[in-house]
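Q: This is what each chain is made of:
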Amino acid sequence: MREKRIRVLIAKPGLDGHDRGAKVVARALRDAGMEVIYTGLHQTPEQVVEAALQEDVDVVGLSILSGAHMTLVPRVRELLRENQAGEIPVLVGGIIPEEDARELKEKGYADAIFTPGSSLEAIVACVRDLAGSK
Amino acid sequence: MFDEDKLARIREARVRWAAGSPPGPEAAAAFKTVSGAPVEELYTPLEVAELDYIRDLGFPGEYPFTRGVQRDMYRGRLWTMRQFSGFGDAFDSNRRYRYLLEQGQTGLSVAFDMPTIMGYDSDHPRSRGEVGRCGVAVDSLADMEILFDGIPLDRVTTSMTINGPAAILWCMYLAAAEKQGVPLEKVGGTIQNDILKEYIAQKSWIFPPEPSLRLITDIFAFASRHVPRWNTISISGYHIREAGSTAVQELAFTLADGFAYVEAGIKAGLDVDEFAPRLSFFFNAHLDFFEEICKYRAARRIWARHMRERYGAKNPRSWMMRFHTQTAGCSLTAQEPENNIIRTALEALAAVLGGTQSLHTNSMDEVLALPTEKAVKIALRTQQIIAHESGVANTVDPLAGSYFVEAMTNRMEAEAEEYFRKIESLGGVLAAIERGFFQQEIADAAYAYQRAVESGERVVVGVNRYLSQEPVNIEILKIDPAVEERQVQRLRELKARRDNLAVKAALERLKQAAQGSDGLIPYILEAVKVYATEGEIVAVLKEVFGEYREQPLF
Numbered sequence: 001m002r003e004k005r006i007r008v009l010i011a012k013p014g015l016d017g018h019d020r021g022a023k024v025v026a027r028a029l030r031d032a033g034m035e036v037i038y039t040g041l042h043q044t045p046e047q048v049v050e051a052a053l054q055e056d057v058d059v060v061g062l063s064i065l066s067g068a069h070m071t072l073v074p075r076v077r078e079l080l081r082e083n084q085a086g087e088i089p090v091l092v093g094g095i096i097p098e099e100d101a102r103e104l105k106e107k108g109y110a111d112a113i114f115t116p117g118s119s120l121e122a123i124v125a126c127v128r129d130l131a132g133s134k
Numbered sequence: 135m136f137d138e139d140k141l142a143r144i145r146e147a148r149v150r151w152a153a154g155s156p157p158g159p160e161a162a163a164a165f166k167t168v169s170g171a172p173v174e175e176l177y178t179p180l181e182v183a184e185l186d187y188i189r190d191l192g193f194p195g196e197y198p199f200t201r202g203v204q205r206d207m208y209r210g211r212l213w214t215m216r217q218f219s220g221f222g223d224a225f226d227s228n229r230r231y232r233y234l235l236e237q238g239q240t241g242l243s244v245a246f247d248m249p250t251i252m253g254y255d256s257d258h259p260r261s262r263g264e265v266g267r268c269g270v271a272v273d274s275l276a277d278m279e280i281l282f283d284g285i286p287l288d289r290v291t292t293s294m295t296i297n298g299p300a301a302i303l304w305c306m307y308l309a310a311a312e313k314q315g316v317p318l319e320k321v322g323g324t325i326q327n328d329i330l331k332e333y334i335a336q337k338s339w340i341f342p343p344e345p346s347l348r349l350i351t352d353i354f355a356f357a358s359r360h361v362p363r364w365n366t367i368s369i370s371g372y373h374i375r376e377a378g379s380t381a382v383q384e385l386a387f388t389l390a391d392g393f394a395y396v397e398a399g400i401k402a403g404l405d406v407d408e409f410a411p412r413l414s415f416f417f418n419a420h421l422d423f424f425e426e427i428c429k430y431r432a433a434r435r436i437w438a439r440h441m442r443e444r445y446g447a448k449n450p451r452s453w454m455m456r457f458h459t460q461t462a463g464c465s466l467t468a469q470e471p472e473n474n475i476i477r478t479a480l481e482a483l484a485a486v487l488g489g490t491q492s493l494h495t496n497s498m499d500e501v502l503a504l505p506t507e508k509a510v511k512i513a514l515r516t517q518q519i520i521a522h523e524s525g526v527a528n529t530v531d532p533l534a535g536s537y538f539v540e541a542m543t544n545r546m547e548a549e550a551e552e553y554f555r556k557i558e559s560l561g562g563v564l565a566a567i568e569r570g571f572f573q574q575e576i577a578d579a580a581y582a583y584q585r586a587v588e589s590g591e592r593v594v595v596g597v598n599r600y601l602s603q604e605p606v607n608i609e610i611l612k613i614d615p616a617v618e619e620r621q622v623q624r625l626r627e628l629k630a631r632r633d634n635l636a637v638k639a640a641l642e643r644l645k646q647a648a649q650g651s652d653g654l655i656p657y658i659l660e661a662v663k664v665y666a667t668e669g670e671i672v673a674v675l676k677e678v679f680g681e682y683r684e685q686p687l688f
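From first to last, the protein sequence lines are chains X and C. Taken in order, the first sequence gives residues 1 to 134; the numbers are from this note's numbering. Taken in order, the second sequence gives residues 135 to 688; the numbers are from this note's numbering.
Warning: the hint list may mix true and false statements.
[Stated by the list, open to error] Covered stretches of chain C, as calculated for chain X (at least 3 residues, CB under 8 Å): (1) 371-379; (2) 457-468; (3) 491-505; (4) 508-516.
[Unchecked claim] Chain C is nowhere near these chain X residues, computed Cβ spacing over 10 Å in every case: (5) H18; (6) E78; (7) E82; (8) G108.
Since the hints were made in silico from the structure, they are not lab data. For each residue, glycine too, the CB sits at the ideal point set by N, CA and C.
Using the sequences and the hints, build the whole thing.
A: In structure tokens form, the structure reads like this:
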């Protein structure tokens, strides 16, 4: 039997409209054989979590370039937990200063963080890993 | 430019030369610009045989403006050094502006935070976590007054990066200038006000296209009568490029947008020469040095030709493309951020050699956070060194006549014209947006670029070649999380202290006007003057106009 395809939600929470990274990553994941659901722009954390649950995804990817990551990422994680889906891995991409990245990971809000200059190969591998560990 | 005999001799000599030079070790590799356009080994008069000096280049300050919009270019006056800046609240940003002016910056450029850009007040639930983060938070005229406190608005010009709610922020600026005692006819600056590229690339929209275009043409009309020194729009390729487009796409899509605004103005009953002289442009300066220079030269020529020949503009100022340039944020790397100083310097040099009217140079740390004061200072110094030490500003358009530069300028113009035909065949810019044409073209180019970086075909120093394992160790600007609380508190106090009946009445009049067909600027101006907030004004307009929604694709 064929292995089940990994399902990933790529989401743009918050108000920023910079979607280049989200779209490039979404396409790379699709080209790597995953099923990718892209939310589009300007999503609230509630909308992101609702989409994650509805689509029954294995991994949630958040793209944030507005500096609001310290509010939005914890909120998404909390909402996932409130909906008994706290085990879904969350991956974050964007302009995230090192110090913030460390805090988001240490506090368990994010499982992995990718900043500009990250390779698609590394992101694809990370999503595979996270999906497998779920 | 060359007679047939000479061309024939060159052709002959070239064949001989080519036969005598065996392919070098790198001959197999494709030489391409950063946009993926092919670059030949050598350019000669043969590649520009059709070039007609007067028709295609002309003299600076004259049609078709290929060589620049001013007669003497930088010999008369250097470009405006304008660093895009804004963070925290109006107090924080006012301090940064004063610092930049003290350092010799010659104009201001305001970056607003996301809630302001999207039309939400700082106390809106959707603003949580975003207030003052990637720009300055402005909710009302009260914030605008603080932002420009002690900065004389009759002498400093200001550019504001604001689009969906541009009319509102512009009115706040005009009201703040009036409060300083500066009459409107003396106020100068630019609002970005380019909603088409929001739908195409930057994705910060509020209203659907039709009412958005109405607001824009209302601004054209009001400014031409009352604020003659104001650039009413900055038609932007910058964001299109940042979203991943090629140089030609940036060129073509931006000019196509420009033509769409001209058509909207004409359709709104304005005379083209009444508003076209105040249209301005905004381009990216990416890393491919010659491609960028040619892009600016081609842009000026295309604009002049279309404005004169297609739209019948008679005022030479309507033919002139004036533009601002910003170095490419997307070319910066998080790895070894100091290298970004060099990238930015090369990009800035291209912008200057391309004849820009104003320039923002990115700071090395902007790929990590908003820039620190030190990083901004180096970025500004980069411009000052180009201006005063490099010697490139001594003569006008020094690269003109280079076989390579002229051939590439011609090619880019021809490829842009091809895109115009394609857009036309799709039913124009708005129809092409609805069909996702631009969005798909850009997403494809962005993906192709990323794949080229991944495969190593495109070298990025410190990223896929010459890697070092040293951790990044530079200082980062931090935004105080208390900014949001303070801003919300100030907004609450404002709402308690202002004349709320006057606010209500002004908003009601605005709503009625929006339902009709009056120019809306006087109504918005009236509302901001009684301290109606941005969010309140946007809410009223949303009620009448509705909101834009995008069909997401990737």
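Q: Sort out which numbered hints this structure fails and list those numbers smallest first.
A: 4, 5
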